[in-house]
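Asks: Under this note's numbering, the residue at position 256 of the sequence shown is numbered 381, and the numbers go up by one with no gaps.
Hints listed in this document are in silico derivations from the structure and should not be mistaken for laboratory results.
Do not take every clue at face value.
Pair ranges (Cβ atoms, derived) [said to hold, decoys possible]:
hint: 1; residue 1: 313; residue 2: 255; range: 33 to 41 Å
hint: 2; residue 1: 241; residue 2: 371; range: 25 to 33 Å
hint: 3; residue 1: 306; residue 2: 236; range: 26 to 34 Å
With a straight-line cut-off of 27 Å between C-alpha atoms, the simulated DSS-like cross-links for lysine-lysine are [to be verified]:
hint: 4; residue 1: 191; residue 2: 235
hint: 5; residue 1: 258; residue 2: 213
hint: 6; residue 1: 213; residue 2: 191
hint: 7; residue 1: 304; residue 2: 213
hint: 8; residue 1: 337; residue 2: 235
hint: 9; residue 1: 255; residue 2: 337
hint: 10; residue 1: 258; residue 2: 369
hint: 11; residue 1: 258; residue 2: 330
hint: 12; residue 1: 201; residue 2: 240
hint: 13; residue 1: 240; residue 2: 330
hint: 14; residue 1: 369; residue 2: 337
hint: 15; residue 1: 201; residue 2: 213
hint: 16; residue 1: 337; residue 2: 213
hint: 17; residue 1: 255; residue 2: 330
hint: 18; residue 1: 191; residue 2: 201
For glycine and all other residues, C-beta sits at the position ideal for the given N, C-alpha and C.
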Amino acid sequence: MDEDLDLDTLADIACVSRYHWHRVFKAMTGETLADVVRRVRLSAAANNLLRDDMSVNAVAEQVGYKNLASFSRAFKAAHGFSPQEFRKQGAETTILLNLNKGAEGLYPVKVLDLKGFRAAGVCHIGPYQKIGKAFSALGGVLMSNSLMSRAELVFAVYHDPPESRPSAELRSHVAVAIKDGFPDTLSSLDYFDVLGGRYAVLQHKGPYARLKFAYDWIYGAWLLQSGFELRDEPPLEVYISDPKTTPSADLITEIRLPLL
126 MDEDLDLDTL ADIACVSRYH WHRVFKAMTG ETLADVVRRV RLSAAANNLL
176 RDDMSVNAVA EQVGYKNLAS FSRAFKAAHG FSPQEFRKQG AETTILLNLN
226 KGAEGLYPVK VLDLKGFRAA GVCHIGPYQK IGKAFSALGG VLMSNSLMSR
276 AELVFAVYHD PPESRPSAEL RSHVAVAIKD GFPDTLSSLD YFDVLGGRYA
326 VLQHKGPYAR LKFAYDWIYG AWLLQSGFEL RDEPPLEVYI SDPKTTPSAD
376 LITEIRLPLL
């Protein structure tokens with residue numbers, strides 16, 4: 126309980142790639158890893174407070190809180206009482222791990238062998254919700270260099286699991302697959318390879334804001350019953366429709382999970 130349960134450690138224990146572990150876990154439980162770790166620690170703390178041989182300071186340290194004030198605030202937010210008040214109440218708690226009842230919706234998934242390709246894109250550092258700036262930047266580079274005809278397959282790669290670092294440090298790319306004749310020396314673009322191989326390809330129709338339900342479904346329902354394992358690579362989010370000319374209800378997006 127007092128160890129640093131970081132994302133990599135938990136992914137190793139679960140034998141799941143760190144790129145996918147947080148999504149698998151959230152899809153199954155409906156909670157983030159950080160939320161569950163916090164809740165389980167505070168539930169354990171509540172039970173330990175019932176022991177007369179442990180001081181509040183000792184209880185806090187045992188569940189990973191080095192600062193008593195921080196522990197007291199977190200405990201009261203979780204249980205409605207300060208640690209001292211809770212000890213007087215004497216109510217034992219049960220530690221539970223919720224299991225999601227099932228993600229909303231059903232989505233078509235195909236397992237395909239896809240070719241790898243060379244890509245060029247714009248890096249975005251910061252909250253994933255603000256990646257729109259990178260789309261605009263990429264479009265500007267392609268237009269100003271007359272490269273629209275030499276680019277295809279607009280997609281995004283989210284390199285970091287959301288819980289792995291502060292949101293201001295999250296790394297992602299908005300990119301295109303590039304054709305022959307696309308220059309490889311533009312300083313405003315990053316160049317990288319997308320590996321070929323087996324992918325689970327989910328097709329989502331609707332607003333981008335509802336993609337989270339598709340992710341929950343493919344990680345929490347489809348993957349668990351499919352028998353496939355994931356490669357240690359991030360998924361691709363491929364934008365089939367042009368949002369400028371397509372109503373949001375008709376937008377087609379593919380989620381591509383790299384499989385072993």
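Asks: So, for every hint listed, does it hold in this structure?
Replies: A quick look at each hint next to the structure:
1. 313 / 255: 33 to 41 Å: Check failed, 19 Å falls outside 33 to 41 Å.
2. 241 / 371: 25 to 33 Å: Holds, since residue 241 and residue 371 (Cβ atoms, about 28 Å apart) stay within the stated range.
3. 306 / 236: 26 to 34 Å: holds (33 Å)
4. 191 / 235: violated (48 Å)
5. 258 / 213: violated (53 Å)
6. 213 / 191: The hint holds at about 23 Å.
7. 304 / 213: violated (70 Å)
8. 337 / 235: Holds: residue 337 and residue 235 sit about 19 Å apart, inside 27 Å.
9. 255 / 337: The hint holds at about 16 Å.
10. 258 / 369: holds (15 Å)
11. 258 / 330: holds (23 Å)
12. 201 / 240: This hinted pair is violated, its Cα atoms lying about 53 Å apart.
13. 240 / 330: At roughly 24 Å apart (the allowed maximum being 27 Å), residue 330 and residue 240 satisfy the hint.
14. 369 / 337: holds (21 Å)
15. 201 / 213: holds (14 Å)
16. 337 / 213: violated (43 Å)
17. 255 / 330: holds (21 Å)
18. 191 / 201: Distance ~16 Å between residue 191 and residue 201 Cα, so the pair holds.
Of the numbered hints given earlier, the model fails hints 1, 4, 5, 7, 12, 16; all others are met.
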